[in-house]
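Number of protein chains: 2
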Amino acid sequence: IENKQYIRARDELLKNNEVDIAEILEEVLEKLDVESTIIVFRMLPKDVAVEVFSYLPSEDQVEIIHGITDREISYIIKELDFDDKIDVLEELPANLVDKILEKTPKEERKLINTFLNYPENSAGSLMTPDYISLQDNMTVGEALAYIKKEGMDSETVYTCYVKEKGRKLEGIVSLRSLVINDEDVKISELMGTDYVYVNVYDDQEEVSEAFKKYGFLAIPVVDKEHRLVGIITVDDILDVIEEETTEDIERMAGVMDDSDTEYLDMSVLRHVRNRLPWLFILMCSYIITGGIIGSFEATLSQVICLVAYMPMLMGTGGNSGSQSATLIIRSLALDDIDFSDIGRVIWKEFRVSLIIGIVLSTLNFIRICWLEPGGAGTGPGPGGWGYGPMIATTVCGSMLLIVIAAKIIGSVLPMVAKRIGIDPALMATPMISSLTDMVSVVTYMLLATALVL
Amino acid sequence: IENKQYIRARDELLKNNEVDIAEILEEVLEKLDVESTIIVFRMLPKDVAVEVFSYLPSEDQVEIIHGITDREISYIIKELDFDDKIDVLEELPANLVDKILEKTPKEERKLINTFLNYPENSAGSLMTPDYISLQDNMTVGEALAYIKKEGMDSETVYTCYVKEKGRKLEGIVSLRSLVINDEDVKISELMGTDYVYVNVYDDQEEVSEAFKKYGFLAIPVVDKEHRLVGIITVDDILDVIEEETTEDIERMAGVMDDSDTEYLDMSVLRHVRNRLPWLFILMCSYIITGGIIGSFEATLSQVICLVAYMPMLMGTGGNSGSQSATLIIRSLALDDIDFSDIGRVIWKEFRVSLIIGIVLSTLNFIRICWLEPGGAGTGPGPGGWGYGPMIATTVCGSMLLIVIAAKIIGSVLPMVAKRIGIDPALMATPMISSLTDMVSVVTYMLLATALVL
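Line by line, the protein sequences are chains A and V.
Residue numbering for the first sequence follows our numbering, beginning at 1 and increasing consecutively.
Residue numbering for the second sequence follows our numbering, beginning at 1 and increasing consecutively.
Chain A with its partners taken away, still in its complex shape (with noise of 0.2 Å):
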């Protein structure tokens, strides 16, 4: 449709909703040039415009910002909800902010550069200071008659806060209650008092477990002196979890990764950065491994056989372990147990690795005993007739106590890891397989050497 038809492209755009358009926005940026999404984001009405600004992700903010007048900025900043202006404000870069706040006035000035200032990812950085503030002697009409006035701009209508005189937070009314009550009625009477509120520094993740525990559209924020300072709204809260998620999957699989940037948009480099000291560290300690298995050299080059049913003890402790170690990390992150379980955690495990690694070893044994008698497959090994059970016995055995190592420590590692304030997340697989992978080889080359020399 871009091949320079931009009126008729604009008419087909503007018949989506805002998200909507963001997107084929972005998609046209992708495919297209920088120029021509500028060409056809300036046709847009001013209003809509704004609106599709805020949905865009920030690396194309930039790109259009760079693209457009002063006075187009100056519009878009001046519209957009407070919390989306600071978002922008955060990643454009300092001159440009400079110039921005020149031209706001000086009231607003004052307020984004405090909301500048709080960390990143702390309930400070997500909130808006648009919101309805009441007073507890407010009548419902009184009530009503403020919100008509001052409803369109605030994030949020459905929760309103009452105020005392030193700004102090004194309890929430929902707009639910003020509709359905009579006008005459006073707001001291429908306010609740036994609110839930977070801290401007609490973390993000904190601020989303609480939003997720009781089902809020909105929560309030208080500073240290329990004054009302902002809230934080349930949308918002929605691209927190799922940015928490993330983090966590990837802290999982050995990724350490503190930006939210896309993988296709993020650099060559920065993504080395951000995968290779997880597989430095890990490969450190497979040396220790590979030592292991050196000190048992004469052991395997008498029956060189084993090696080939190394990499099945070693996988499968590993995937064992990192089963578990998963679960255990996603209860832990739910909170549906806590170190006081650890107890009933291991003797869960140990059972249900007791049932895997006997059916395992079991299918394992018939096996290698009837179809390779010999040995190992198809190699021309020095196994024989002799040796074939004795090592049967071995890897089996082995593969049961393999099991039940790896689930256990898969299991008991996160809760320390938590116990001892790290990030249960970072046991996960990588971590677990490579510490499974030690206990495999010494397991199978100690039962080996006892049971087959």
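All the pointers check out, no bait thrown in.
Simulated pairs of lysine-lysine, BS3-like, Cα-Cα distance not exceeding 27 Å:
1) Lys15/A - Lys212/V
2) Lys213/A - Lys31/V
3) Lys418/V - Lys31/A
4) Lys186/V - Lys15/A
5) Lys163/V - Lys224/V
6) Lys15/V - Lys168/A
7) Lys15/V - Lys213/A
Source of the hints: derived by calculation from the structure; they are not laboratory data.
The structure displayed is predicted, hence computed values, not measured ones.
Assemble chain V onto chain A, guided by the hints.
Same frame as chain A, but now just chain V:
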């Protein structure tokens, strides 16, 4: 507190938010017995009891249902919000459900039966029929009066739905715009008609995507004839997002779990059933890897110290692959990339893995040549000075190739899986690591045979 001082306990409890009371009751149930929990529960004021009940996990709800009188059950069921009611009824045994349904009015019984028939995890199973429906010829004043009358029983009053005579959904209007506008404005002027909706049979994952994308407080659910049958509110979606994430994470670790039972509440056999299938499949794949090693026994038995480096190569390959797989799976889940990006993904992964591979290989080469000139560590292996550099070259060359292969397999496989309609999460760590192990062994052994011998 719970040693028979129930009255004091109750007074303590009532100082808390209902969500927190539910949590305390859960703990009581876990640490003491069902009887005392029920005593405490029955001492709560009726309205609090209903709220608390709705926040309890379903197993605990069933236990409490069994401990209280039929009259108390009917009261609770009657007072619960419609969607919570459905959730409870879904968990209860059939005879109890029949008993409860007998006592509910005919009209509602019909509605309940319809809702119980929607497939689990569909939009229909999440929705509630308690919404505010308006007509487009109403004025704002009439609408507010209607909300005042009906608003108490509605799940949300903040988004109202405008239906035409055939029960078809015409548009939506927010309570905000009702409150902001004057009494005599017609609803038809205020309502938005470009609303987003879901179908009753849509999967809950699609519903939660819509919430994440548009940031709604509620979404309308329509049937095939575009008739409004219910709404889903954002607080119910937070639970869904959590559930879906858990499912994804567990799948990525090779755990098949289609229930949302907590870790400790699941039986040992259930745990075994969830974990054994993948462990077994993966074990079989390792048999192939073993076979490959077996076919290289000649090489191995000549230079036994090669074995010592095997875990490091396989482990690093597995970790590299699962890093890429995890990033790609997550990006696919968030719709950041799709199949058409496969070229760019491969090119990015190639460059990333080239750098990582060179760094890790170089470090290894230095270590092997300088620290272990004789071969593998402490072992009395047959490798002497002569083998040293050749082994180092083999190991490091393999390392580079393996990292590149692993990262490309790890990124391509999930994308292909998604393309052919398999959940990409199944292609995660265990699958990728057993595949890369195979590749690692082949690469290493071929290179070793070529270079060392």
